[in-house]
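**Student:** Sequence:
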Amino acid sequence: MPRNGDVPYTHANVTLAYKDFGYKPTTDLASGLRKFVKWYVSYYGIESRVKKEMDSGKKGSQQTDESG
980 MPRNGDVPYT HANVTLAYKD FGYKPTTDLA SGLRKFVKWY VSYYGIESRV
1030 KKEMDSGKKG SQQTDESG
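Numbering (this note's numbering), first residue to last: 980 to 1047.
Possibly wrong hints are sitting among the right ones.
With a cut-off of at most 25 Å between alpha-carbon atoms, the simulated SDA-like pairs for lysine to any residue come out as follows [stated by the list, open to error]:
1) Lys1017 with Ser1035
2) Lys1014 with Pro1004
3) Lys1031 with Arg1013
4) Lys1014 with Met1033
5) Lys1014 with Val1029
6) Lys1030 with Val1016
7) Lys998 with Tyr988
8) Lys1031 with Val1016
9) Lys1031 with Val1020
10) Lys1031 with Tyr1019
For the record, the hints were derived by calculation from the structure and aren't laboratory data. Since the structure is predicted, the reported quantities are computational estimates derived from the model, not experimental observations.
Kindly produce the complete structure, drawing on both the sequences and the hints.
**Tutor:** And the structure:
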């Protein structure tokens, strides 16, 4: 259900860019999103919760017990 401020209809179309400039997209949507998310995470230094949990688990298993 649309929320306030949602655009009710959109349709991406590069026809004019093709006609005017010969523009042809070379990246499909799935690849583009994957690349964007990878860049965004890297640029803003974001670590996923899963990665943090895995890293903290690895660190815990590498510690040695010096008590005995």
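**Student:** If a hint holds in the structure, say so; if it does not, say that too.
**Tutor:** Consistency of the hints with the structure:
This hinted pair checks out: Lys1017 and Ser1035 have alpha carbons roughly 22 Å apart, not beyond 25 Å. A C-alpha spacing of about 15 Å is found between Lys1014 and Pro1004, which places the hinted pair at or below 25 Å, so the restraint holds. Proximity of Lys1031 to Arg1013 is assessed by CA-CA distance (about 21 Å); at most 25 Å being required, the pair is judged to hold. A distance of roughly 23 Å separates the Cα atoms of Lys1014 and Met1033; the hinted pair therefore holds under the 25 Å criterion.
Using a Cα cut-off of 25 Å, the hinted pair Lys1014 and Val1029 holds, with the two alpha carbons roughly 20 Å apart. With a C-alpha separation of about 15 Å, the suggested pair Lys1030 and Val1016 falls inside the 25 Å cut-off, and the hint holds. Proposed proximity of Lys998 and Tyr988 is supported: the alpha carbons are some 24 Å apart, at most 25 Å. The straight-line distance between the Cα atoms of Lys1031 and Val1016 is roughly 18 Å, inside the 25 Å bound, and the hint therefore holds.
For the hint pairing Lys1031 with Val1020, the CA-to-CA distance comes to about 14 Å; that is within 25 Å, so the pair holds. A distance of roughly 18 Å separates the Cα atoms of Lys1031 and Tyr1019; the hinted pair therefore holds under the 25 Å criterion.
Checked against the numbered hints given earlier, this structure breaks none of them.
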